[in-house]
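Sequence lines, in order, name chains Z and V.
Following our numbering, the numbering of the first sequence begins with 541 at its first residue and continues without gaps.
Following our numbering, the numbering of the second sequence begins with 53 at its first residue and continues without gaps.
If you're looking for bench data, these hints aren't it; they were derived computationally from the structure.
It is possible that some hints are incorrect.
[As the list claims (entries may be wrong)] Listed next, the stretches of chain Z that the computed footprint assigns to chain V, with coverage defined by at least 3 CB atoms under 8 Å from CB atoms of chain V: (1) 636–649; (2) 688–695.
[Stated by the list, open to error] 25 Å max Cα-Cα, derived PhoX-like pairs, lysine-lysine: (3) Lys276(V) x Lys613(Z); (4) Lys613(Z) x Lys193(V); (5) Lys250(V) x Lys191(V); (6) Lys391(V) x Lys699(Z); (7) Lys128(V) x Lys276(V); (8) Lys630(Z) x Lys193(V); (9) Lys699(Z) x Lys170(V); (10) Lys571(Z) x Lys661(Z); (11) Lys371(V) x Lys382(V); (12) Lys598(Z) x Lys170(V); (13) Lys382(V) x Lys613(Z); (14) Lys598(Z) x Lys250(V); (15) Lys400(V) x Lys363(V); (16) Lys371(V) x Lys400(V).
Idealized CB from N, CA, C, for every residue including glycine.
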Amino acid sequence: MKKILIFALVALMSMSLFCACDGPQIDGKLKYSFFTGETEIFPGDEAAVILAALGEPKAYDESPSCAFEGLDKVYTYSGFEIQTYTEGGKDYIYMIVLTNDLVKTPEGISIGASKSAVIEKYGDQYTSVGDNLQYEAENCTLQFIFRDGKVSSIKYTAKV
Amino acid sequence: MIKKRIICAVSVLLVLAALLWSATLVLEPKYASQSREGNLVAEYYGEVDAGNTHQVLFVGDCEVYESFVPAVLWEKYGITSYVRGSAQQLIWQSYYLLEEMLKYETPEVVVFNVLSMKYGDPQNEAYNRMTLDGMRWSKSKIGAINASMTDEETFASYIFTLLRYHSRWSELSGEDFKYMLSRPQVAYNGYMIQTGIKPMESEREGDELFDYTLPSVSFDYLDKMRELCAEKGIELVLIKSPTNTWKYWWYDEWDKQICDYAEQYGLDYYNFIDNEEIGIDWSTDTYDGGVHLNVFGAEKMTDHFGKLLVKQYGLESLKNDPDIAKVWDKKLSEYKTAKQDMMEVSVKASSSRQ
Chain Z
541 MKKILIFALV ALMSMSLFCA CDGPQIDGKL KYSFFTGETE IFPGDEAAVI
591 LAALGEPKAY DESPSCAFEG LDKVYTYSGF EIQTYTEGGK DYIYMIVLTN
641 DLVKTPEGIS IGASKSAVIE KYGDQYTSVG DNLQYEAENC TLQFIFRDGK
691 VSSIKYTAKV
Chain V
53 MIKKRIICAV SVLLVLAALL WSATLVLEPK YASQSREGNL VAEYYGEVDA
103 GNTHQVLFVG DCEVYESFVP AVLWEKYGIT SYVRGSAQQL IWQSYYLLEE
153 MLKYETPEVV VFNVLSMKYG DPQNEAYNRM TLDGMRWSKS KIGAINASMT
203 DEETFASYIF TLLRYHSRWS ELSGEDFKYM LSRPQVAYNG YMIQTGIKPM
253 ESEREGDELF DYTLPSVSFD YLDKMRELCA EKGIELVLIK SPTNTWKYWW
303 YDEWDKQICD YAEQYGLDYY NFIDNEEIGI DWSTDTYDGG VHLNVFGAEK
353 MTDHFGKLLV KQYGLESLKN DPDIAKVWDK KLSEYKTAKQ DMMEVSVKAS
403 SSRQ
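So that you can see chain Z by itself, here it is in the shape it has in the complex (with noise of 0.2 Å):
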């Protein structure tokens, strides 16, 4: 019995680790998304509550569309951006941009962080542009800039 259960818990530690390599699922589908405190963001969901989860930025942007109605948003907080979209009325996440080491993503990288260390959590399974990596999910793609070597940008964009 004692090895059955051996088995058993090294075969889901096992399972569990090639989920990892894949990235974040959710209902099967590989979704990105930032943590920030409390707050999970997903590229694509509706702002309201998440900028009321994040209080007052440290800097606000807007501009306007060339014919419609309804503003493009960049709030700055403290090691990241985020830029919202209008539709229907209402504002999406449209991007996440990281732009300090204050700050990673849920799988450990940030600002500054190597190439290899990138593919090291992220996989393989990526386009490149130069030294730059971009990864595809279901609701974003993420784009690793890198400068010298080294991440200089990170970015979440929603699939709209």
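Assemble the complex: chain Z is given as a structure, and chain V must be docked to it using the hints.
Below, chain V without anything else, positioned relative to chain Z:
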């Protein structure tokens, strides 16, 4: 008996067609009080029908229809022009609009604003509609639709627009009936007057990009535009309007690619960003925080560009031609009246807010 049945069937079909046609006229968006840019593309046909031709044609996105004032080009330099811009006009749309215009006229200079070079894929159905629905049916329109459709769109919905707009019945307003047969004028030879002032305050720049390579399809269409102009002996001039804000940022990496292209094919390219000779004051010459120029900024930009057209391309004043002068003096007068009216509205709106 058979004849009677045929007449009856034809009558029913005609009544049905008339009903569908009427429904289409009512349900199509009129772009009267909101998103007025949706009427820009169709307004050009007023010029065609009146037999007016132009020395200069502008094509491109909002950065042309908010930066160049044909009435001012006439007033200061005697140059006739038309701005065939539309909101988020993609480069393949610019190409097909140009192809269409060159069937009606042969200008001396065509000006293309390069910001749309950044888009390599169809973007947005609503913007597509604002450019494409206004085109008259032609080979160019078919080409433009095929190049522009997003995955969710169908060609049939451009032919039978009722397929697209049938759900608008719940949002119909008086405007939909008032402008059923003729749309309101929104521009002056393609220039949309904006008299508001909202200073540019943000110093934010564009985000770092994953890939700075401009899409190859954009260069394919730029090639087509260049070849089309070359065939007709028209000077193609590339420009980047002076506006540059974080959402519509023009990257140095992009600029270099356009410079290289222009050099390769012997084209002129003018990047007006940070050009102090124009004299733009970003605290007074924009109506939306620097994204677009207002009328005061556009008049400065136009004056500056007019000098270039005369000096670099030898465009001559047509003020001595009485027929042309009659038409254009009227246009200038209408523009000045509309500008004055809008400025008064802006002042009233501003004082009522205070």
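Are any of the numbered hints broken by this structure? If so, which, sorted upward?
1, 3, 4, 5, 6, 7, 8, 12, 13, 15, 16
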